[in-house]
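*Asks:* Full structure from sequences and hints, please.
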Amino acid sequence: MSMLELGRVSKSYGQGGAEVHALRDVSLTADEGAMVAVMGPSGSGKSTLLSIAGTLEEPTSGEVLIGGQPVGDLSRGAKARLRRRVIGYVFQDFNLLPGLTAAENVSLPLELDGVSGRKARVAALTTLDALGLSGRASHYPDQMSGGERQRVAIARAMVGERRLLLADEPSGALDSVNSEAVMRLVHDACKNAGMTAVVVTHDAQLASWADRVVFLRDGRVTDQTAPAPGPESLLIPEQNR
Amino acid sequence: MSVRHAMLALLSEGPKYGLQLREEFEARTGEVWPLNVGQVYTTLQRLERDGLVESDGTGGEGPQKGFRITADGERELARWLRTPPDLSSPPRDELVMKVLVALHVPSADVHAVIQAHRRYLVELMQQWTRIKEDDAWSDLNMLLAVDAELFRLDSVIRWLDAAEARIKRAAADATAARAEQAGRREQTRAPLPRHRREARIRG
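Those sequence lines, one after another, are chains A and B. Each residue of the first sequence is one higher than the one before, counting from 1437 in our numbering. Each residue of the second sequence is one higher than the one before, counting from 30 in our numbering.
Derived from the structure by calculation, the hints contain no laboratory data. Possibly wrong hints are sitting among the right ones.
[Unchecked claim] For the chain B half of the interface with chain A, some residues (derived, Cβ under 10 angstroms), not all of them:
(1) E42
(2) R148
(3) Q156
(4) W157
(5) T158
(6) L173
(7) V175
(8) D176
(9) F180
(10) L182
(11) I186
(12) R187
(13) A192
(14) D202
No residue lacks a Cβ here, since even glycine has one placed at the ideal position from N, Cα and C.
*Replies:* Okay, structure coming up:
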């Protein structure tokens, strides 16, 4: 079943001669447990696509379905609930609150959603533990490395019953080892925890962690990769050695 | 990588038998680089002839013969490790040529050509990345070799991205230049202002 579906989504800003088309007729599907990367240069519409998928912006035309439910039909309150409970966001600059510990940053979205402080803390610690960050639970963001901060941000995006993870250049500011750790986490969240992830990036090494890579150019989906065969075909068969 | 220096590297860890060298050579390189394992024994004979390894004289010429590296062998290995491979002249790159040719073929859409290559490269990178996902494949040697391949493919994709941006900019500049030229032509064809017409008649 598809967790996220964008059907012929267009988005434009401004009017008349000043009208800018950020997205044109974009259709995209991400099934449950799938990791989809959207690759494109700056200004290709990647971030707009993610904002619309995350219900942070409305499309000018077209339809967005999350978990089979058309988002356009939802009331403002229902949309806000969807954002709090189902969707997790990861940004390039982590967006952690500096005055809160890792555990508090992760539990915050649950508490804002009315979950009791104790239950939210237990859920936050469970998620941090699953991401190998239990030793960092009581640390503040400025006591952690960039890689650790982004892993905490991913924990915050996964905590509770969240099913859809939307990441905008999640490892843009990290070195290659930490970038790989972040992509591995997102990948494992999809394969082991059944999350669905859409990651936008201009970086092919990061995109190659995804099951499918969609190419965006000038607001249009121009192409996508076919399912990759296993690695065996790259390695030399025993009999040929 | 030459079989010769691979043998010296393996022997730098300590004395080994021919069969052991063959097996270790295969395990460390065979999965990623297609090297000819059949060359192992002949290479060892040549290394012995050149004084870079010495044998213990037991086990005849077969797999049970033991080898150790000599001081000259250690020096040759150190020299080889520090000598950069010749990267001074760019290789004839088929992909670069295809993009350059596409620019001059009127029926070819150079952006579609670039995208076809970009997609293929990303698909290859996805395949290499699958190796990293599976712990069974991922020993340190394999991970380093996979990283090398991923960085190489990534650099080609970056070149395609840069080429596409440059081609787009060149096309935009050409369009702007044509519009400017057309504007100038339009101005020269426009009727002269009245005072200049009168001046011409009087003159």
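*Asks:* Honestly, which of those hints from before does the structure not fit?
*Replies:* 1, 6, 13 and 14
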